[in-house]
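With chain A held as given, fit chain B onto it using these hints.
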Amino acid sequence: MSATPVSEVDIRLVVNGEAVSSRVPVRLNLVDFLREKLQLTGTHVGCEHGVCGACTVLVDGRLVRACLMLAVQANGTVVETIEGASASGRCADLQRAFHEHNALQCGFCTPAMLLTAADLLEREPCPSRDAIREHLSGNYCRCTGYQSIVDAVDAVACARSDEPGGAPR
Amino acid sequence: MSGTAKDGSASPIGAPIPRANARRLLSGSGQYVDDIVLPRMLHAAVLRSPHAHARIGGLDIAAAAEAPGVVRVLTGRDVAAICDPYAGILQHVPGMQSAPQLPLAVERACWQGEPVVLVVAQTRAQAEDALALIDVAWEPLPALVDEQAAMRAAEPLHPGLASNICFDRTVEDGDVDAAFAGAAQVVEAEFVTGRHTATTLESRGILADYNPADGQLTVWQSTQVPYMMQWILARHFRLPETQVRVIAPDVGGSFGLKIHIYGDEMAAVAASILLGRPVKFIADRLESFVADFHCRGHSVKARMALSAKGEILGVTVDDVYGIGPYSGFPRGSANEGLQVSNLVCAGYRRGTYRARTRAVFQNKAMYGQYRAVGHPVACLVTEGLMDLAAARLSEDPAAFRRRLFLAADRYPVKLAGGPVLEKLSQHACLDELLRLMDYERLRALQCEGRGRGIYRGIGIASFIENSNPSAATYGMGGVSIASQDACTLKLTATGSIVASSSMTECGQGGYAVIQQVTAAVCGLPVERVKVVIGDTDTTPVGGGVWGSRGTGICGEAALQAGKALRANILAFVARLQETEASLYDIRNGNVVMADSGALVMTLEDVARTAYFRTDRVPRDFQPELMVTRSYAQKTYNGAYTNGAQGSWLEVDTDTGFVRLLGHWVVDDCGTVINPLLVDEQIRGGCVQGIGAALFEQVLYDDSGQLINGSLADYLVPMAAGMPDITIGHVVTPTATSELGAKGAGEAGTAGASAAILNAVNDALTPFQVRISEIPITPERILRAIGRVS
Numbered sequence: 001m002s003a004t005p006v007s008e009v010d011i012r013l014v015v016n017g018e019a020v021s022s023r024v025p026v027r028l029n030l031v032d033f034l035r036e037k038l039q040l041t042g043t044h045v046g047c048e049h050g051v052c053g054a055c056t057v058l059v060d061g062r063l064v065r066a067c068l069m070l071a072v073q074a075n076g077t078v079v080e081t082i083e084g085a086s087a088s089g090r091c092a093d094l095q096r097a098f099h100e101h102n103a104l105q106c107g108f109c110t111p112a113m114l115l116t117a118a119d120l121l122e123r124e125p126c127p128s129r130d131a132i133r134e135h136l137s138g139n140y141c142r143c144t145g146y147q148s149i150v151d152a153v154d155a156v157a158c159a160r161s162d163e164p165g166g167a168p169r
Numbered sequence: 001m002s003g004t005a006k007d008g009s010a011s012p013i014g015a016p017i018p019r020a021n022a023r024r025l026l027s028g029s030g031q032y033v034d035d036i037v038l039p040r041m042l043h044a045a046v047l048r049s050p051h052a053h054a055r056i057g058g059l060d061i062a063a064a065a066e067a068p069g070v071v072r073v074l075t076g077r078d079v080a081a082i083c084d085p086y087a088g089i090l091q092h093v094p095g096m097q098s099a100p101q102l103p104l105a106v107e108r109a110c111w112q113g114e115p116v117v118l119v120v121a122q123t124r125a126q127a128e129d130a131l132a133l134i135d136v137a138w139e140p141l142p143a144l145v146d147e148q149a150a151m152r153a154a155e156p157l158h159p160g161l162a163s164n165i166c167f168d169r170t171v172e173d174g175d176v177d178a179a180f181a182g183a184a185q186v187v188e189a190e191f192v193t194g195r196h197t198a199t200t201l202e203s204r205g206i207l208a209d210y211n212p213a214d215g216q217l218t219v220w221q222s223t224q225v226p227y228m229m230q231w232i233l234a235r236h237f238r239l240p241e242t243q244v245r246v247i248a249p250d251v252g253g254s255f256g257l258k259i260h261i262y263g264d265e266m267a268a269v270a271a272s273i274l275l276g277r278p279v280k281f282i283a284d285r286l287e288s289f290v291a292d293f294h295c296r297g298h299s300v301k302a303r304m305a306l307s308a309k310g311e312i313l314g315v316t317v318d319d320v321y322g323i324g325p326y327s328g329f330p331r332g333s334a335n336e337g338l339q340v341s342n343l344v345c346a347g348y349r350r351g352t353y354r355a356r357t358r359a360v361f362q363n364k365a366m367y368g369q370y371r372a373v374g375h376p377v378a379c380l381v382t383e384g385l386m387d388l389a390a391a392r393l394s395e396d397p398a399a400f401r402r403r404l405f406l407a408a409d410r411y412p413v414k415l416a417g418g419p420v421l422e423k424l425s426q427h428a429c430l431d432e433l434l435r436l437m438d439y440e441r442l443r444a445l446q447c448e449g450r451g452r453g454i455y456r457g458i459g460i461a462s463f464i465e466n467s468n469p470s471a472a473t474y475g476m477g478g479v480s481i482a483s484q485d486a487c488t489l490k491l492t493a494t495g496s497i498v499a500s501s502s503m504t505e506c507g508q509g510g511y512a513v514i515q516q517v518t519a520a521v522c523g524l525p526v527e528r529v530k531v532v533i534g535d536t537d538t539t540p541v542g543g544g545v546w547g548s549r550g551t552g553i554c555g556e557a558a559l560q561a562g563k564a565l566r567a568n569i570l571a572f573v574a575r576l577q578e579t580e581a582s583l584y585d586i587r588n589g590n591v592v593m594a595d596s597g598a599l600v601m602t603l604e605d606v607a608r609t610a611y612f613r614t615d616r617v618p619r620d621f622q623p624e625l626m627v628t629r630s631y632a633q634k635t636y637n638g639a640y641t642n643g644a645q646g647s648w649l650e651v652d653t654d655t656g657f658v659r660l661l662g663h664w665v666v667d668d669c670g671t672v673i674n675p676l677l678v679d680e681q682i683r684g685g686c687v688q689g690i691g692a693a694l695f696e697q698v699l700y701d702d703s704g705q706l707i708n709g710s711l712a713d714y715l716v717p718m719a720a721g722m723p724d725i726t727i728g729h730v731v732t733p734t735a736t737s738e739l740g741a742k743g744a745g746e747a748g749t750a751g752a753s754a755a756i757l758n759a760v761n762d763a764l765t766p767f768q769v770r771i772s773e774i775p776i777t778p779e780r781i782l783r784a785i786g787r788v789s
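Heads up: the protein sequence lines correspond to chains A and B, in order.
With the working numbering, the residue at position 96 of the first sequence is 96, and numbering never jumps.
With the working numbering, the residue at position 721 of the second sequence is 721, and numbering never jumps.
Take these hints with a grain of salt, some might be off.
Here are some chain B residues pointing at chain A (derived, C-beta under 8 Å) [claimed, not checked]: (1) Arg23; (2) Leu161; (3) Gly252; (4) Met722.
Pairwise CB distance ranges, derived in the manner of DEER restraints [as the list claims (entries may be wrong)]: (5) B/Val192 <-> A/Val6: 48 to 58 Å; (6) B/Glu527 <-> A/Val6: 48 to 58 Å; (7) A/Ser161 <-> B/Arg23: 24 to 34 Å.
It should be emphasised that the hints constitute simulated quantities derived from the structure, not laboratory data.
Even for Gly, the Cβ is constructed at its ideal location relative to N, Cα and C.
Okay, chain A solo, but in the shape it has when bound (with noise of 0.2 Å):
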C-alpha cells in the first residue's frame, strides 16, 4: 500500500471560549499551534519533552503539556490557556497571591504554575504544604525557591476556605 501520507488535516476546537478551525501539520505540537497559530505566546516552551511544565494548558478541563499533545489530537476538544483563565478572572485570586509574594521572578514558568495551581485548589480546596510543593512538582521554576509560590498557593486556599461555604481548614 503506498498511500500518500497525509500531512495536513482540518481540525475544530474551542480556544479560550472562541471557535477556532484550522488546516496544521499533523506534526504540529499543541504548543506550537497555540503559540504560533493563534499568538497565544504566554504558553511557554522549555523542554519540548515533558518535564518542565512551560507548556500547560487546560484540555477538557485537564492539565496537559501541550508539548506532547499534538495539535490534531485537540481536535473536537475545549483549550484553556493563561490568557484565558485571565481573562476570565478565573485564576485573579492566585495571581493577586503570587504578585504579593513575590512567587515569581522571570516569569516564565508563571502562567504553567498558575494553571497547575488553579486545578489543583479545585480538586484540593484545603491542601498542606507538603500536598501544593507535591502537585507543583511537574512545573519547574528556576528562580525562585518555590517557597513564595507554595506561600502563594496556601494563601489563596486559606482565603477561599474563609470565603461563605468555602472549605473547612
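Below, chain B alone, put in the same frame as chain A:
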C-alpha cells in the same frame, strides 16, 4: 540609607512592595524573544558536531539548500567572511592564552555540540528538516576529555598554543611549607564539584533584524548585557556602533548564562546581515545542554595545618578545572579559578597560604561564569576543611568557626591575591543563624535520632560574596564591559518621573530597585515612577546585571540622579518663590514647606510651569528637569559581603536518599531595598546550590559525549524535594556608596552546597566516613558507607 523619609513616613527603600512589572508576566502577556514576530522573519536551526573532536573532511549542503522552505545555508566560512574571530583572554591574568574562535566551526569541531552549519528557512521545522540533508565527512580525532589527562597531554589541543593550560595562577602568602612542617595536626581532602549548567527555563534566543536600507542592525536577545552585546556585534561584524541596537525584552532567567557570546547566536546575526531579513534562533532544550556554557567541575586538593592550640597555621589549595576547548568570550574562563584561589578560608585567620589554580582546555562544552562564579567551590573547600579540623580537634563546628573568624574590629582586610574585605559581619551572621535554626535543639534531636537509627546531620557554611565589581574584573583586563552604570531621570509634564537605567531585568527585580530608589529620593509614590531598561537606544551606557552589581551600582546611579533632579526641582521652585531651596522638601509628589509640610506646588505644577508656562519662568533661569548621573565602584575590587547558612537533613542509609528538613540563611547585603525581592532571590540561589549539592551534573563518557543532555536525565530541583528556607539579615551597608547596597544574588548559591555536604557528613559520622564530592548522589552515599561496592 533606608527606613523612613525625613517627614517620618515609610520610605520606599526597604519596603516589601510587589514588583510593578510582574503583572504582565502573571497574565501571560510577557514578551520574551520567542514571542516576537517580525514581517519576513526567518527561522534558523543549527547542525552541531556529533563528535567531541573531529576534522570536517568535507561538507555537502546542496540538498539542504534545495529543501522546502530553505532560504540560505551558512557554513563556517560564510560566517567567517563577515565576522572577525574572538578569544576570551583577560590581559591582567598573567600567561592566559586561548585560540581564536569563530561562530561556526570551519575545519575542525572541538566539542560535541559545537555549531557547524546554520540553516535558515521559512519555519523552524523546515530548517530542522534540512539539517538532516547535510552531509559532513567527519574525520574523528582523539578527544581530550579528562582535564587531568588534558593537562598532561604532550600535544596541545590548538596548534598555536604552548600547552593545554589556559592559565596557571599561584597566590602565596608567607612560608607555607614551614607552617606545615611545624603543624601539630594536618587535615586534607580532595574536593570535587560536578560540572553543571545554568538551565534557565527560557533557553537562549536571539532575533536579529538587519535593514540593508539604512544599515541598521536591531537585535532582540535574551541577555543580561545589552551594551556588551552592542559593542561586540559592532566590532566583530564591523558595523558602526551607532547602527547596532540591542534590546533585552523579558528575559526568562539568566544566572550568568546570558552574558557570553555563543556561536549559534552570532551565526543568526550573520544570516540576518547577509539576507537583509529578520532571522530568529531559539535554542531548544537538547541543544542547550551541549551548547550552553557549563560551570564548576573543579577538583581541589586542599590541606590545612593546625597548631597544638588549634590555630590555623596554613592552608594549601591545588585547583584544576576543565574549561572546554576555548576560553569563553569575552569574559574568559578564568574567574572561577581566580575566586577559588583568592577565597579559600579567606574569612578565617588562615595563617600562611598557597593556592594554585589551573584552567585546562579539553573537548567538552564551553565553560564560563554562572551564578556565584567560583564562590561555591571556595566555600565547599573552606567549610569542608573547617569541619575536618573541628572534628580533629573535637570542637563544635560552630564554635570552631566563631573562634577563627577574622577579628570583627580589624577591617578592612587585604587578602593575598588582591581582594580587600571592606567589612564582614561573620560573627553576627553566625550568631543569628544559630539562633534562627535553634542549633542546640537540633543537636539534641540529632542525638536522640541516632539512638533510633535515624541519621540526621547539621551543616554550617559561612560564605563570602563578591559584589559591586570594579574595573578590576574586566576593564583592566582589556575587556570592554562597562563597570559603571547610569540613570537618567526625566520629570514628565504631569509630575511623574521616567527613569531610564542601564540596569537590566531578568526577574531579580531590577525594575523595582530603580523605581523604589527613585521614588524614595525624589519624594513621590512608586507608582509615579516608570522605569525604562534593556535597550541601548533608550538607556544610558552601563554594564547591566551580573556579579551582583545591579542594585549596588545601578541603584546608586539612580540615587545620585534622584538627588540631582530633586535639587533642580527645589532650586526652580525656590526661584519661582524668590526664596531658599533649603526651605522645601518633596513629599508624596508635592513640593512642601520642609517644616510645616504645607503645600507649595505639586510636581505637576512644577513641570507644567517649566514646560508650558515658560512665561512665568524668570528670563535668566532655565530649569533642568532631566538629569543623568553615573556611578562606578572604585574603592575596592569589589564590595565583599558575607553570610552564613545552615542545613538540617536526614540520610536514609538504606537508599542513600537525602531528605532536607530545614535550611537557614543569614545574609548581609548591606542596605535592603526590597526584602520581598531579596529573600526570594536568596532562596532561589540556595535552591540552585542545593541542586549542585544533590542532583546536577553533566555527565560525559570517555569519548566526550554528553550522556544526560535532557531535562529527563539531568535532574534539577523541583518543589517537592525542597525545604522551606528561613532568611535572616544582618545589615552592614558598604561605605563605597551612599545607598550602601551590596549584592544578594550569589549568596544562596555560594553557601548552600557546602552546608548540605557538611550536613550529610555530619549525619554519616557514626559510619566514620566523609564524602567530599558533589553532587552527593544516593550511589555515592551508599558507596561511602559500604552498602554497595
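Numbered hints the structure breaks, given as an ascending list:
2
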